[in-house]
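Participant: Each chain, letter by letter, is given below.
6 protein chains.
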Amino acid sequence: MTELVVVMVIEDDEAVQGIVEDALSEGGFQAAVAATGEEAITLLRERHTEYRALVTDINLLGRLDGWEVARVAREIDPTFPIIYMTGAAADQYASKGVPSSILLNKPFAPAQLLTAVSQLLNAGSPPTAPTG
Amino acid sequence: MTELVVVMVIEDDEAVQGIVEDALSEGGFQAAVAATGEEAITLLRERHTEYRALVTDINLLGRLDGWEVARVAREIDPTFPIIYMTGAAADQYASKGVPSSILLNKPFAPAQLLTAVSQLLNAGSPPTAPTG
Amino acid sequence: MTELVVVMVIEDDEAVQGIVEDALSEGGFQAAVAATGEEAITLLRERHTEYRALVTDINLLGRLDGWEVARVAREIDPTFPIIYMTGAAADQYASKGVPSSILLNKPFAPAQLLTAVSQLLNAGSPPTAPTG
Amino acid sequence: MTELVVVMVIEDDEAVQGIVEDALSEGGFQAAVAATGEEAITLLRERHTEYRALVTDINLLGRLDGWEVARVAREIDPTFPIIYMTGAAADQYASKGVPSSILLNKPFAPAQLLTAVSQLLNAGSPPTAPTG
Amino acid sequence: MTELVVVMVIEDDEAVQGIVEDALSEGGFQAAVAATGEEAITLLRERHTEYRALVTDINLLGRLDGWEVARVAREIDPTFPIIYMTGAAADQYASKGVPSSILLNKPFAPAQLLTAVSQLLNAGSPPTAPTG
Amino acid sequence: MTELVVVMVIEDDEAVQGIVEDALSEGGFQAAVAATGEEAITLLRERHTEYRALVTDINLLGRLDGWEVARVAREIDPTFPIIYMTGAAADQYASKGVPSSILLNKPFAPAQLLTAVSQLLNAGSPPTAPTG
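Protein chains in written order, with the numbering used here: chain H, 1 to 132; chain V, 1 to 132; chain S, 1 to 132; chain A, 1 to 132; chain F, 1 to 132; chain G, 1 to 132.
This is chain H alone, in the form it adopts within the complex (with noise of 0.2 Å):
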């Protein structure tokens, strides 16, 4: 268990980026910071480390958004635990989310992206409990 639980996070804002990497931090994870999407996604086919989960803004630097952003994160992991924070893009949601994917409605507390991101984390135990 010295091995560390590492989340990569999207956010330019720097404000947001401090909160989620303090939330993160706080509830033991690693947070690894990518400045636009293009970078986020070069380190994930990398695969030089092994992250768990993504946290991503939906309006980022560069060409790429969020929603596109987790679309390649699934393709290179289908069962990737995605976690989308934004203010203005909610109703979105519905047409541009992935699957078993969680919205963050901004302004949100850090519990709740602990919990987030858990969830998701707990949920991927081999096979996922099917409700009932």
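It is possible that part of the hints are untrue.
When chains are identical, the list treats them as one kind, so a pair holds in a single copy or across two.
With a straight-line Cα cutoff of 20 Å, these simulated DMTMM-like cross-link-like pairs (lysine to aspartate or glutamate) come out [what the hints assert, rightly or not]: (1) K106 / E39; (2) K106 / E50; (3) K106 / E3; (4) K106 / D12.
Everything labelled a hint here was simulated from the structure, so no lab data went into it.
Once you have looked at the hints, place chains V, S, A, F and G on chain H.
Facilitator: Below, chains V, S, A, F and G alone, put in the same frame as chain H:
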């Protein structure tokens, strides 16, 4: 209760189309078949009929595939129940499917289709139960 | 397995009552129709028959409405499966419904009723699966 | 993200109130304590503050109990997250609780409260995922 | 879609076996009955047929009971859908059942069996939706 | 609320034991560590303390492994929340785990443990919400 619960079906394989229509009919639903994704979207936009769910194949005649049609249907109505039917394209669900949808792997039994449509319609009760 | 699975139904609209009885019968359930909420509660209290679920309209003949009958049924048995059927009163579900119940919006297809009753009965397995 | 996520708390036992406030604060929520159910309802109706969830004891000072306050809160907003805290009244939850709420049995740990509030807030993503 | 969805059934009571076969058949499944747990395991291991789910009684002819057969089926395929049927042994489910299975209490209605099998098959969509 | 919420922990690796104790403590739980499965079962049977959940490693000192201890705990209390922690044995969960439990893959973050314990405790509200 003399009104019908109409489910839009997009499927060009006549054998599967027959199975789906029969299954829906046996469960008390009314199937409305669209030949292409384009036709389905036109019908959803016109709102002459109140469609309550979409059951769609992935590989469709015309330019749109089932993933794209589902996204447009969710832009029109963010809570629209979506059921995908596929054999070959199941591995794309994690990246191309919309949240809160169900994928039926072909071959499937008619009871699976009825349960899938019913689960999504019943979950639409205001408000949907969070699990806990 | 010669015993019957009896579902109590409270519905005074004869057309809907017929649809509900037929649907339950086709699914292998036995419907026991009560004319009013008062009668239903008397039957539940007497325990001559083991009722396994309650399917109730909201607007009932007599002084009690469906919300009140469901609450009394849950006082008698805290795990009793409850399915509400309504058109006009759906917006009251969030404040007047009981936990772990299902609301069917009229019009609904028979398959939705069977799935709703079955989901609640199957979820009663000891213990119910937490999600995750 | 400088805005706060405010949670309304109705609890007159000062020891429990302190625990709840500390727990919420540690999770990054802002607790707004109301002394009675009547006061809570007045505050919810005025909408000066955007409350995001209600955490309520069952036995309250004043004429309303926690079950009644939750129902009024749901009339004001049908999707409002409700968390009940109780020791003695837990057996009334099945008949008096509202759908999609969570009951915390006293004594509970602060982490349970944070998870409960977060689960309900995160499930409010549009649309909530049906299980399947 | 001319292929069948085959469900393995282990049940030696002929009356129940008939009910289960009829129910599955009506839902469009093909039942393959095994007389004992040993026979069922042999068939699952040979993989001549692609079985998609297991429906099993608890008290079986032969040396294995339903709890043991389900565990072996899950060793062969960790995602195999399991439905137990029992009257007397329901209280053992919490300690002897496998995760993500469903217990049907006898007597049950055919619709409950169809919903149970369908829920587990539909939940197998890659990836299974975490709740939230 | 001066009473403690005690969670039984079975883990002989001192490093992991420390992480688990710290995580539980930070979430407001009280950890009670048992050195072996045999000791844990003795403590659960004596009922001197009210344990509210079990967090167990799979490979234990003594003759019992974590799968076996969990089964005995569920015989004592069919609703007892179970969280397994494992690295190597995760693939056995589908056949050896009990229903309604959660598996944490090592390495995991403290927040995952707190969320897992809290989800299972909160789901124990009477009655547990069926999904839909």
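Participant: Look at each hint and say if it fits the structure.
Facilitator: So, going through the hints one by one against the coordinates:
1. K106 / E39: Neither. Shortest intra-copy (24 Å) and inter-copy (28 Å) distances fail the 20 Å Cα cut-off.
2. K106 / E50: Answer is between; shortest inter-copy Cα gap is 13 Å, intra-copy 28 Å.
3. K106 / E3: between (31 Å within a copy, 9 Å between copies)
4. K106 / D12: within (15 Å within a copy, 31 Å between copies)
Checked against the numbered hints given earlier, the structure breaks only hint 1 and satisfies all the rest.
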